[in-house]
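**Student:** Model the placement of chain B on the given structure of chain A, informed by the hints.
Protein chains: 2
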Amino acid sequence: MAQKTWVRMVTAQTPTNIAVIKYWGKRDETLILPVNDSISVTLDPAHLCTITTVAVSPSFDQDRMWLNGKEISLSGGRYQNCLREIRARACEVEDKEKGIKIAKNDWEKLHVHVASYNNFPTAAGLASSAAGFACLVFALAKLMKAKEDNSELSAIARQGSGSACRSLFGGFVKWIMGKAEDGSDSLAVQLVDEKHWDELVIIIAVVSSRQKETSSTTGMRDSVETSLLLQHRAKEVVPKRIKQMEEAIKNRDFGSFAQLTCADSNQFHAVCLDTCPPIFYMNDTSHRQVKFLVSCQCASHSRSSSKFYMKCDDTKMVAYTFDAGPNAVLIAHNRKAATQLLQKLLFCFPPSSDADLNSYVIGDKSILKDAGIEDIKDVEALPPPPEIKDAQRCKGDVSYFICTKPGRGPGLLSDESLALLHPETGLPK
Amino acid sequence: MAQKTWVRMVTAQTPTNIAVIKYWGKRDETLILPVNDSISVTLDPAHLCTITTVAVSPSFDQDRMWLNGKEISLSGGRYQNCLREIRARACEVEDKEKGIKIAKNDWEKLHVHVASYNNFPTAAGLASSAAGFACLVFALAKLMKAKEDNSELSAIARQGSGSACRSLFGGFVKWIMGKAEDGSDSLAVQLVDEKHWDELVIIIAVVSSRQKETSSTTGMRDSVETSLLLQHRAKEVVPKRIKQMEEAIKNRDFGSFAQLTCADSNQFHAVCLDTCPPIFYMNDTSHRQVKFLVSCQCASHSRSSSKFYMKCDDTKMVAYTFDAGPNAVLIAHNRKAATQLLQKLLFCFPPSSDADLNSYVIGDKSILKDAGIEDIKDVEALPPPPEIKDAQRCKGDVSYFICTKPGRGPGLLSDESLALLHPETGLPK
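Chains A and B, in that order, give the protein sequences. At position 49 of the first sequence the residue is numbered 49 (the UniProt record's numbering), and the sequence of numbers has no breaks. At position 40 of the second sequence the residue is numbered 40 (the UniProt record's numbering), and the sequence of numbers has no breaks.
The following block holds chain A by itself, in its conformation from the complex (with noise of 0.2 angstroms):
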């Protein structure tokens, strides 16, 4: 090993995903193994996602991690799960110019420090943890120099966080449930890259930045342990579903993907319900986005003896997804169907008073920009939805938007100005 003086370091970025067909439900707590598959929309990292500095250094006395500036115990099972196995992978590492040299044994002596951060609020229900496990496992992984894949390494991050997997691509992501014991078979797989789909639009309506109020932990195991549809949805349900939902991905079948993933947020949430005590995520700023969305795209309802039948404008089609928590995950199947979409919104959903538009649209403003909207009066100025009867302007019952599409899987960031520690103290900076 080299002198106790140096400290090596990796920074990398990793996305966070929202899922299109949920996962909700373990069959093993421990090692995370979901009861379905799921399938997920990697977001841009650009607006949403988590820089991790991982650093390694005789002098450090202990791991130790920083989350968002602050220091937060590494000693849960999770954390350790994951450095565990990372470690049990990790390989020589030699960089001659500084002298250093690491021997595949050293790594279960030598300490690390985790710095976090995300740029978007933690809990809040846009899946923080999934983006924070993914790139704590990606960053450790090449600091390491461990020769897995990202499918293989999905299956480490699975066991800090299980939706972290799907973390590991860009595009549309697969988590397959697997079958084997050990969990060795549960992991992601890249169904399309995100260029496959490049049209999609996906804008968040942030409802509320507080801390959910039911963690997605407990919150499974109440509804695995209570929840009497649980079951028939992971068996009967989703199965048809994945298959329908990887069709209509592959066909860039924007009606097809539209309905399941609006179904299969509305089971999620079911299936919360169905829990004792019953767990609620959507919220009243929920329901009045779902119903907003379904105004704004079933211009007709017609009924012929007892069939009914509901007329949805497929080009005016969005897709919505809710997380757990009470943010609307908002996907329009183009530039033109998002500038319309935005500009219903923010009739809808105005800003309070005193917020500005800058920082109430954040992400590619350059869709606000389409839409004619350059400052809070031109809001104020925009034409009731002709859609929607009698629309009513429910103002600050969103907290901002985000605009931002499908997106890259992890990357390392070679500027060193964006490592969050100290590249000779290795402390944050």
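Derived from the structure by calculation, the hints contain no laboratory data.
A pair holds if it fits inside one copy or across any two, identical chains being indistinguishable in the list.
Below 27 angstroms or equal to it, Euclidean Cα-Cα: the simulated DSS-like pairs (lysine-lysine) are: (1) Lys243 - Lys26; (2) Lys395 - Lys369; (3) Lys291 - Lys26.
**Tutor:** For chain B alone, kept in the frame of chain A given last:
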């Protein structure tokens, strides 16, 4: 037939009912045949009921109806079905004193006037149509001297509004779904009368008296056609629950009764959420009510390894159930539990500043007295419930509370002053 001058009338009172195992989904839209059995508790008609006067006279030139003082059309299929079915069972009526004689066949030619009045908000999710159709059918049957018993009448009321069939009896009532294609065996039977379990106290939190947004007829149809969970519920879950609920009621086993009631309410709303487009009957206030009840009951949570236990205090247990609306119907297992519940409810859901207590807690006000609450100052002085951490007071969330109990079935009102139609003109008083 006698001369043109006479009016013969009957006035009846019929209770409303609240399902503890829910009816959601029809297998036949026209005959109103359900996809599963259901069980309800009949509410004391002193607090929640429909009063209906039906009159017949040779001077009437058409069937007419007034609901809550306003004339409404009887042309709808549901009214027509009830009128037709009762007329087909009409018998000879003779009143020698008044010189009235109506032969069996005369009923086809005679017209009726109907006036109906609910002592609670119509279409606010308090089963007004149940009490309404039950009362219409019951009153017409008495007017026309039909010989059918209440179970047979329930199969007619069912064709007006499904849940109406359960309002033909007091106490606890089961609606047997039946098998016959013509619906003849889809009717209500009394499980136990109102004296069997007379210590129960029911408190209804009326959250909103606005018209509900999705009618249960439309909602049910959408659920049957789109929910992938509804059939599983109807075929696999409900049949077992019906048996367990019958046992619980027979044995006055409040723990099981409460657990089944809450779980079935949750599952009904879960199926609503699994519908496309999703149906939201519970709102943020409903969610707060459930969280409030869960906090009151569950003193502590303990977890050992992967198994989850929730330690609920049986003596504090309160059953909740929500129909197709945001109102919470709370069932306490005795007066003492109800008194404590009301104190905590009034702490957490006090009236808005301008309300007076007299109109904020209605129905059986003696529970208020037992709780030591005489005016609004007593409400303000209530201590926070010790079980609820940082209990917040949600002023104005609840419109009013109704205190009531299980009650008796339909009855005739012989006091002519209570009739809603004028004894000579047959028009609303």
